[in-house]
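For this one, chain P is given, so just place chain X on it according to the hints.
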Amino acid sequence: MYTTLPSLLSRVRDLEDHAAWHEFDQRYRELILRFCRRRGLQASDAEDVRQIVMLSLAKHLRGFSYQPSKGRFRAYLGRTVQNAISRYFRRPNHEIHGLNLDEKAAAAAPGIQERDSWEESSWEKVWETEWMAHHYRMAMHQLRKSVQPRSLEVFEHLLAGENVAQVAARFQISQEAVHKSKQRMRDRLKVLIARQILEEDGLDGNQSRGS
Amino acid sequence: METNRGVPKTDAGGSPRLTSPTNLEALGFGFEDESWLAALREAETPLPLGSIGPYELLGEISRGGQGVVFQARQPGTRRKIALKRPLAGALSSAGARLRFEQEIEAAAALNHPNIVTVYGMEIVDGSPVYAMEWVEGRPITAWANPSSAAGTEPAVEELHRDPREKLEVFLRVCDAIQHAHARGVLHRDLKPSNILVDASGQPHVLDFGLAKRTEPAERTEFYGLTTASGFLGTPAYASPEQLAGGAVLDARTDVYSLGVLLYELLAGRHPFCEKKGVAAFMRAVETETPVRPSTFDLRLDREVDTIAGKAMAKDRDRRYSTVEALARDLRSYLAGEPIEALPPSSWYLLRKLIQRNRLASVLLALIFLITMSSAIWSTIQSKRLKSALAEAEFRNSLYEKMKGWSPDSILKRADINPYDPRRRQEPPRNPPTPEIVD
Chain P
3 MYTTLPSLLS RVRDLEDHAA WHEFDQRYRE LILRFCRRRG LQASDAEDVR
53 QIVMLSLAKH LRGFSYQPSK GRFRAYLGRT VQNAISRYFR RPNHEIHGLN
103 LDEKAAAAAP GIQERDSWEE SSWEKVWETE WMAHHYRMAM HQLRKSVQPR
153 SLEVFEHLLA GENVAQVAAR FQISQEAVHK SKQRMRDRLK VLIARQILEE
203 DGLDGNQSRG S
Chain X
152 METNRGVPKT DAGGSPRLTS PTNLEALGFG FEDESWLAAL REAETPLPLG
202 SIGPYELLGE ISRGGQGVVF QARQPGTRRK IALKRPLAGA LSSAGARLRF
252 EQEIEAAAAL NHPNIVTVYG MEIVDGSPVY AMEWVEGRPI TAWANPSSAA
302 GTEPAVEELH RDPREKLEVF LRVCDAIQHA HARGVLHRDL KPSNILVDAS
352 GQPHVLDFGL AKRTEPAERT EFYGLTTASG FLGTPAYASP EQLAGGAVLD
402 ARTDVYSLGV LLYELLAGRH PFCEKKGVAA FMRAVETETP VRPSTFDLRL
452 DREVDTIAGK AMAKDRDRRY STVEALARDL RSYLAGEPIE ALPPSSWYLL
502 RKLIQRNRLA SVLLALIFLI TMSSAIWSTI QSKRLKSALA EAEFRNSLYE
552 KMKGWSPDSI LKRADINPYD PRRRQEPPRN PPTPEIVD
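Chains as they are written, first to last, in the working numbering: chain P, 3 to 213; chain X, 152 to 589.
Okay, chain P solo, but in the shape it has when bound:
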């Protein structure tokens, strides 16, 4: 079951909705971790930052009402992660240990004014790149569940780096058939990504739909 972002954000306001938090974590875990790693953090540090981000979100999403016109979630999340990274490195270890969870979360959360101002800087470019990669992954995840196994197999070989001629020879089909299959996958991926982004921006309903 795929849940749209506005619906998921509405559910995670309830801290007791473990299923929603699990889904939220599953959806954004890799985005956050990869962004941290691209910003130069080690795997273990990236995990720490992810923990802080989740704590911060748990604290701040309780009273959160998602209004994309005032600022989009991707910007809010990016800022939260970036703040968490900054605070993580700024504080000496002994200070971090001295903070309680609320203080750590407060340290990571952006203020309202910060959330609305999406200033261009190097980290934002990294975030945009990772955000796109996040949408590619989500769409590909959906695609893998919905296309015919044979078409998927052909595409997986293209994705692994084989060229059209090699894939055609492997499956004993014409190169034109491989091209067509690739084009179909591209079109489906495009539609899925567009839908994800429209939903994320609150432009395409807020209901859950089956995958």
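Just so you know, not all the hints are guaranteed correct.
As the list claims (entries may be wrong) - Selected chain P positions facing chain X (Cβ under 10 Å, derived; list incomplete):
hint : residue
1    : Gln53
2    : Glu132
3    : Arg139
4    : Leu161
5    : Ala196
If you are wondering where the hints come from, they were derived from the structure by calculation, not from laboratory data.
Values in this document were obtained by computation on a predicted structure and should not be read as measured data.
The beta-carbon is built from N, C-alpha and C at its ideal position, and this holds for glycine as well.
Quick look at chain X alone, frame taken from chain P:
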């Protein structure tokens, strides 16, 4: 308006906004050329894990409530090790750090061939990490019942692994836990993923993540952690008192977890695997009696059912009081001796004696049968002989009396007509003694 379709607008922050699915390129997605495939490939390529301090990370193995375990390579020796780090690393709470340090302390104090070796602990980037022996193995339940393990292709001989083989491996686990208990360390989180069986069939107990020292002395806060911090174990293998919380735990909590493991090894399924949802599961742990393991494997019997049942008793006073007692009963069972878990009735003790001495019992039974048969045969023969002798004596006396008689007088005295067809009939067995007339 058709002319505006797909044209990204910008929001208050100046970032492009998609208003239609037709123009993703404006957001940076390159669907117009081949770059989308490269972008997708890049998005799906996992980033190298990097390192923790000097340790090169090779993979993430597990992530639990207590910490993350990585497979790593030790600098210098280049050997593979398992590296454990608290979940929140440098940001761990004081409680989490304390528990983590307890684990290191507890595990480092143990030296047993079936307990994973701890190499040492160090602080890396403000977080404690500890290095331990890398065990190449599979969880004990997957080893015992490979057909139930997902993604594995079991060998034919593994499909029906002998229950005795399972019990022998399980006994080694008991010995390891007893070793820890004898040193005042409870495990408190015994579960299949914490007991790996290597290719040679040796079990290795790992992750004393919830371990706690049992002696009071200077670390009284350990008791605080046990009773006040709520439930920390894995529900599927946790004892009822662990699930309920509040009780000071002792060796019997590990006995319970071992009982569940024993059940699963033998039956090939968890005792409460049919329960859906945490509430139903917890209710079952507190109130329901699981189906006997022998129901699922006909090679098992009532005794091993009883041992598993006693280890899993809901009231801890009815369980084996120590892991050693559990192991002793299992050893008795394997040796064919009476087990403590069953009442020592005369018939049960005799049956066990016979089971234990099968050859002697068979020989004794044969001797008994031969003796009895001989006695019966002799009695019958003796009776026959007696009756034959009596008859012979009678005939003899008759003969003596009839010596001087003529045939006619004999027939006459016997009132026998020689032409009567009844003459051919057998004479009465005890004919009346003819009167002798001189």
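Checked hints:
| no. | hint | verdict |
| --- | --- | --- |
| 1 | Gln53 | holds, 5 Å |
| 2 | Glu132 | holds, 9 Å |
| 3 | Arg139 | holds, 5 Å |
| 4 | Leu161 | holds, 6 Å |
| 5 | Ala196 | holds, 3 Å |
Violated hints for the displayed structure: none, as all numbered hints are satisfied.
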